[in-house]
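Q: Now for the letters of each chain:
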Amino acid sequence: MKVGVVVFPGSNCDHDAYSAFKLVKGVTVSYLWHGSQDLAGAEIVVLPGGFSYGDYLRAGAIARFSPIMKKVIEFARGGGIVLGICNGFQILTESGLLPGALMRNSGLRFICRQVILRVENVNTLLTADIKTDRLLRMPVAHGEGGYFVDDATLVDLEKRGQVIFRYVDAEGVVTANANPNGSVNNIAGIMNIEGNVYGMMPHPERACEPVLGSNDGLSLVKSLCSQVAGGAIAR
Amino acid sequence: MAINSGSDPMRFSASIKVVLKDGVLDPQGETIGRALKDLGFESIVSASSGRIFRLDIDAETEAQARKIAGEAASKLLANPVIERYEVEMAK
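Residue numbers (the numbering used here), protein chains in the order written: chain A, 1 to 235; chain B, 1001 to 1091.
Check the hints yourself; a few may be wrong.
[Claimed, not checked] Interface residues of chain A toward chain B, partial, derived using beta-carbon atoms under 8 angstroms:
id : residue
1  : 58
2  : 61
3  : 94
4  : 100
5  : 101
6  : 103
7  : 106
8  : 108
9  : 134
10 : 146
11 : 148
12 : 182
Honestly, the hints are just simulated from the structure, not real lab data. Positions of the beta carbon are idealized from the N, C-alpha and C atoms, including for glycine.
Can you build the whole structure from these sequences, using the hints too?
A: Dropping the structure here:
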């Protein structure tokens, strides 16, 4: 199974994503340069975290027009599996592959710390291996992570189960204090209607080995790989 | 010798103001508003921030330049999910 990790100028989690997917047996990982228009046969495309194009204008706004994104958008529209983490999530909303936008954190500060996520939908490729009600621990590291979407779309997202992760406290309860960035409904990660495009602000790839403080992220990485390799059809 | 039959393009300058839509959380504006209050500007009720882009555009008419500026704004300079924009032309 082939995974491609896109490298934009300013990506800084590309190596973490590469290493995380490398941990899964039977997976080969390659880097996809932003200036290229070749996905090199990747079955999963990962848009990693970082500060693509210096976050100029808005986070993800310029990356969206890079040559590789033309191919990624085609790939996603054709049902290809795409995972955007942090800046990758911002790029996916900017390119219209996911609804909404990521705004400046409500506290105006860059936040880098561990968060707790409640998995809201286990019927996705990314969360198929997760038991219902399990809480996941992994870091966030962003300045623009406040998820915003208009009220009507928010209702639709919730109704259709497109909200996959929510920021919660240690008991798994959605509280204002557990929300690090002012995201609506404490949303930390979503997918598109078809279930083949995933975006999340927290970093599963930085939580794949116990030495990093958590390996909860590996469950997501493994789940995605095994579902795609098994020929599972998105939703 | 070639004769220039069409009219020469002129250079126009467009200012594009991009601001958050009403109802979108604006922590930056709120913080600026609070800071102004702390400085003693008690009459300032609220503040919000945005950005201005200036584009120099070669076009045949002002209307055409304005159209180009609007397209640039909607395609790249503003994110229609959270922002709205206004185009203003200056000579």
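Q: Regarding the hint that residue 103(A) lies at the interface with chain B, is the smallest CB-CB distance below 8 angstroms?
A: 6 angstroms, holds
Q: A closest beta-carbon separation below 8 angstroms is what the hint needs, so does residue 58(A) meet it against chain B?
A: 6 angstroms, holds
Q: Would the hint on residue 182(A) stand, with a C-beta cut-off of 8 angstroms toward chain B?
A: 6 angstroms, holds
Q: Is the interface hint satisfied for residue 108(A)? The criterion is a beta-carbon contact with chain B at less than 8 angstroms.
A: 5 angstroms, holds
Q: Can we keep the residue 94(A) interface hint, with Cβ of chain B closer than 8 angstroms?
A: This interface hint holds because 7 angstroms falls under the 8 angstroms limit.
Q: Against chain B, run the beta carbon of residue 134(A) and see if the smallest gap drops under 8 angstroms.
A: With a minimum Cβ separation of about 30 angstroms from chain B (threshold 8 angstroms), the hint on residue 134(A) is violated.
Q: Can you verify the interface hint for residue 100(A): is its Cβ closer than 8 angstroms to any Cβ in chain B?
A: 6 angstroms, holds
Q: Under the criterion of a CB-CB separation shorter than 8 angstroms, is residue 101(A) in contact with chain B as hinted?
A: 4 angstroms, holds
Q: Measuring from the C-beta of residue 148(A) to each C-beta in chain B, is the shortest one below 8 angstroms?
A: Cβ of residue 148(A) sits 6 angstroms from chain B, so the hint holds.
Q: Would the hint on residue 61(A) be counted as holding, given a Cβ-Cβ threshold of 8 angstroms to chain B?
A: 7 angstroms, holds
Q: Using the nearest Cβ pair, does residue 106(A) come within less than 8 angstroms of chain B?
A: Since the shortest Cβ distance to chain B is 5 angstroms, the answer is holds.
Q: Does residue 146(A) pass the interface hint, meaning its C-beta sits closer than 8 angstroms to a C-beta of chain B?
A: 7 angstroms, holds
This entry does not satisfy hint 9, going by the numbered hints stated previously; all others are met.
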